[in-house]
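Colleague: From the two separate chains plus the hints, produce the assembled complex.
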Amino acid sequence: MSIDRRTFLKHLGAAGAAATLPFSLVKVAWGMGSKPAEHESFTFAYISDSHLTHIKGSRFTSNFDRGLRKAVMEVNLLDPPPDFVIYGGDLAQLGKREELDHGLELLSGLRPPLKWVIGEHDFYLDMGDYWQNKIIPLYYSFDHKGVHFVVLNSILTYENWIGQWPTPMERMLNMARLDNPQGSPFMVGEAQLRWLEKDLAKYNDSIPIVVLSHSPLYKIFKPWNFWTDDAEKVQKLLRRFSRVTVLHGHVHQVLYNQIDNITFYAMMATSWPWPYPVSYVQKPNQVPQLTVFMNRADPFHSRDGTGWDILDMDSGAITNHYQLWMNENRTVTFDFKLKHPVDLKYQDPDKRIPPQLHY
Amino acid sequence: MKIRCFITLISIAVPLAADEVKLPDSQDLLGLPPVPVPADNPLTLEKARLGRKLFEDKRFSADGTISCAHCHKPELAFQDGLPVSEGIGDQKGTRNAPTVINAAYFITQFWDGRRKTLEVQSKDPFVNPIEHGLKDHKPIVDIVRGNRDYQQRFRQAFGLEPSQITIDHVAQAIASFERTVVAGDSHFDRYQFGGDKNALSASAIRGLAIFHGKGRCASCHVIEGSTALFTDNRFHNLGVGFDRIEARLAEIIAAFRKAKQANRDIDKTILTQAEISELGRFAVTGELEDIGRFKTPTLRNIALTAPYMHDGSLKTLEEVVDFYDRGGFDNPMLDSGIRPLHLTAEEKADLVSFLKSLTSQRFTTIGVQP
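If you read the protein sequences in the order shown, they are chains B and X. Residues in the first sequence are numbered consecutively from 1, following the numbering used here. Residues in the second sequence are numbered consecutively from 360, following the numbering used here.
Chain X extracted, bound-state conformation (with noise of 0.2 Å):
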């Protein structure tokens, strides 16, 4: 009942009143581990309450339109339905936003991996200049220093006065509010963990072997004994976007290498310059192997996040497959788990059902229905 009560909520209001916040219960986790805290960190429904409301405060950008809820809408799944982001101005980033839903699980942040924690991760944003476009974090620290309702929900949370509160808090406010967005409880969860057989369409039911076996899926979009991530918090190169590249590799890594001994700013250069965005982890490693690779993302709610891939280049699940299916985007760098998988059309429309029984019913109400 109470989980009706929360979805109903999602559904019709936007953005939602920080007081909606709620810690997931044993139902929501169906198919989840315990969500990862922090020692220093510790999650309440205080300090979730207030990370909801900084999340969603506009104020926190150059002219005051950017909220971290711009591209992590909650009524779109905490993702923004673009190919790649839209920040401050308007201007483009390089990359598709990802979903906030069960961020808390990757054990490193962005599509490259640059960040471990989703404490460190939420700073960055404020100060790129094409997402809230501040100069430094000042602004968003004086603003919750000097006004009264977050000068009480700092007192709550953490016990501090307006003085102490530093940019720190508001990154560990937004942290434990990402651990309250958190959804296991699909159908297929009820299936695989909650003993129900009839939780599952027969297509899906097929499509989930053909995850396992034939598609070569569950490889990377791990699904364990009892829980699942769909993840296995590694990078791939897949060959998405790597033609935009390849002919020019060596100037493109050269430029790179120069950037970064002049010390220059990795967050700004990847999300500012879309050719050295495509380098992906190796910005942040510096290895070879890294170069093009991407993170595994999560696959759970992966119907209400189209569109698809680093750069939002694929529209549906529908292409997603076919992609996986041709065997990737051939360069030299490709993966070697990716390979033709001569799929028949039936195969590929059951992984797709299969795709779309990972809704969490904490979610279902927005945008498609599984």
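For reference, chain B alone in the conformation it holds in the complex (with noise of 0.2 Å):
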């Protein structure tokens, strides 16, 4: 099913090049002794960070609106339809109720359902209050097809520094900032962790969990959050499943790694993309090896760099067709031989491209 659908969207027109890409992999490494997860496959969409901004009155940038609007259209487009979509978090700038009513009614376009995870965007100027009661919960679990996912707010951080500033507004510029000297590392938190653990216990090692969380639950690059503090903990509680996988947004760039028996993959934004830590040569980071970085982006298309997921799930692994606008789409999918995630076409070395190289 999946294989149809992905022949069919990449290569409806031209006699697929592609078709000769190795897509039967993850169908394929079943003969190398992997236990087969007892679940139906099934695809989702995933779209994030996009950061819509409020200027006055019923005026918002355009320029986020339109990588919302986009994504929005092209989910409503995919033939067969996906059974849900996760919107990953930061659909507002400054948590203001204009930007998240706005993002509701842009997003209430799409026709498949919709799953939501905050990001610090959406939370710090009201620490989630109009997301509890408009929208979702901040965390919860839910199972499809066989599988267990679990939304995780992953973007608390310390009470004395949620406490210390003068006005909510002060609380939600200071979070928004990179490269804060007066920031705060993000956490799960205590309460939560017992939640998760609780929800857990419910399902035995065999079942696939996906862990759908804001930051990535894994530590790359504290300036700039690319972090959650109390990440090991998380990861602690979801040792025991043998295949788990972890979606996240908040870093605009193609990012997947492999902790143990975990998978991350970072989604792509609709807003704009950041560039990779490493560019940033003064603080030591963690940019997981195993990643082949996206392309530096054309700064004249405002869509370069930016775009959505298309994600099937099939033997409790996930691939990962990166939509990336202007640009060369990418598909990266868990090797069951080599035991973590590879992009298709670019994951050897000899094949990269040079805009992959020069950030």
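Calculated directly from the structure, the hints in this document are not laboratory data. Just so you know, even glycine gets a beta-carbon here, dropped at the ideal spot from N, CA and C. Be a bit skeptical, because a hint or two may be false.
If you only want the chain B side, here are some residues facing chain X, beta carbon under 8 Å, derived [unchecked claim]:
#1 Arg66
#2 Arg69
#3 Glu74
#4 Leu77
#5 Asp79
#6 Val278
#7 Gln282
#8 Asn285
#9 Phe300
#10 Ser302
#11 Arg303
#12 Trp325
Modeller: Right, here's the structure in full:
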């Protein structure tokens, strides 16, 4: 099913050069001793980090509106449609009601059902009040076709930091800033960790788990909060499961990693691309060696370096089709033999192209 | 002197006699790179002359009225001046006929780039039901095999006996002719590449600066260091015609996918179904991002090729500049390089002056004067 739809999408018109790509990688790997996960394969989509920015009255920054409008239109044209769509957080720029309402309106055009993850830009103005009341709880879980999905609010931080700001907007602005000496790292927090432990207790080790968080549930670069302070505690709770994937937003770039049994994918933003932290040489980073960087974007085209994702869930693992606007689409899939994700085209260092290297 | 002679003939003789074909010289090519010629179809004068004759032969159509030159009229800068072209039985197509002038430089052909070469492109209109309306290419091959003049010309150009002539030779000859229909040497080229600082008016010089800067034109209509093709050879959504499909987009795409699965001819589908035509590049790649994208045309000789855009919906260069100044037509798939420009009236006028300076000397006596 997933092979059919992929071929269909990508090579509908042209006699497909890429029809020769090893799309069967995941399934072939079955013969290599992995234990099949018993679930029905399915497809879902992921849109994230739109950063809708309120200017005044009914005016919003059109560039960021356009990114989200484009993603909504494209998701609606997928055939067959995805089972659901995940919105990965940072719908708003400064957590304003106008921004969240505007985002809800634009996303109301989506045909498939929507699941939500909160980002720090949605949260730190009113500490998630409007989100919880109007949209969905800050953390929850659901099952779909034999896969257990957990949504975490990973952008919490320390209480004393939260309490120090004279106004909610100052708090919001300080959390929104990169390289902020007065910033504070994200975390999941003890209450949610206890909830997660309880939530997972109902499942045996063989069920595929997908964790959805806004920040990466591992540590990449602290000055930009590509970071979750108590990530190791979350990873520990997930360790007993045979197939775990974490999907996160926040970093606005292609990133993928494998830590023990957990596969991590960063999902595309519709707003703008961040540079890779390796380009900021003053501070150490832990950008995963596994990741083949996305192409450097052409600033003339504000959509270049942005996009969204189509995800095929099969055999307990995810194949991530990065939809990279104005650029080369990428497909990263879990290789059961190597036990980590690989880019189907560019993983081999000899096959990389200059714009993946010169950040 | 030679150039002038050529121009004069074009302006009075319709259609041109085949022997007026001329391989471009270095002056014709001022501002252009060498003409790309495929290794398997070397360019010769004999072949190009044969190509011109084939290009103008009306017998290659179902009712004997349509030649290539019907929509690519030499006396109208090799286009037809219509919003969308009219083929056999006065049927209207869905797209504006692009000029043949400098088509040799594109890396894909047609507005959606569905063909890669002039050779392959040239065979499609013959068998499109609303262009030449033939069922297949056989009648063309039969005519050229049975005609003494063609027999001689094919022998000269290809060294072929009549029985050996195929439609691919016809296509190669037409493509060869098209590779002679190239032209730089505009006032702009003389100014930019020829060292003649008096070749452009003050207004056109200001327009050139806007073209590079505030107008954001040169990012797609590219000017390089020593040549200028005025295209990036890419595809962009400007929103032109998108309002005709946006509300029903999902249904239109579903219909297209169905036609595609049923293996229906894409060339025919695009030219006969207006809504599917507006899907643009998507019809070729199936990539969602290509919906409503069309190829960046060259701007060379643009003053001679009104009306404009893939559907001929803009009548004048002033309208085109106004259209870009507004930031195109808003739609979710709008190219992200397109945005409001806030040009003043004078800046717009300067841009138009610049665009009018792109008319090649080879073609100045046709249509509008620069």
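Colleague: Hints first: check each against the structure and report whether it holds.
Modeller: Here is what the structure says about each hint:
1. Checking Arg66/B against chain X: minimum C-beta separation of about 7 Å stays under 8 Å; hint holds.
2. Annotation: interface hint on Arg69/B holds; nearest CB of chain X at approximately 4 Å, less than 8 Å.
3. A least Cβ separation of about 4 Å between Glu74/B and chain X falls short of the 8 Å threshold, and the interface hint therefore holds.
4. With 8 Å as the threshold, the beta carbon of Leu77/B comes within range of chain X, its nearest partner Cβ sitting at about 6 Å, so the hint holds.
5. Given hint, Asp79/B at the interface with chain X, holds; its Cβ is 7 Å from that chain's nearest Cβ, closer than 8 Å.
6. Of the supplied interface hints, the one on Val278/B is violated, with its beta-carbon coming no nearer than about 26 Å to a beta-carbon of chain X, more than 8 Å.
7. Annotation: interface hint on Gln282/B violated; nearest CB of chain X at approximately 31 Å, more than 8 Å.
8. For Asn285/B, the suggested interface contact is broken, since its CB lies about 29 Å from the closest CB of chain X, more than 8 Å.
9. Among the interface hints, the one on Phe300/B holds; its C-beta lies about 5 Å from the nearest C-beta in chain X, closer than the 8 Å criterion.
10. Restraint check, Ser302/B versus chain X: the minimum CB separation of about 4 Å is within 8 Å; hint holds.
11. Because the smallest distance between the Cβ of Arg303/B and any Cβ of chain X comes to about 4 Å, under 8 Å, the interface hint for this residue holds.
12. Given hint, Trp325/B at the interface with chain X, holds; its Cβ is 6 Å from that chain's nearest Cβ, closer than 8 Å.
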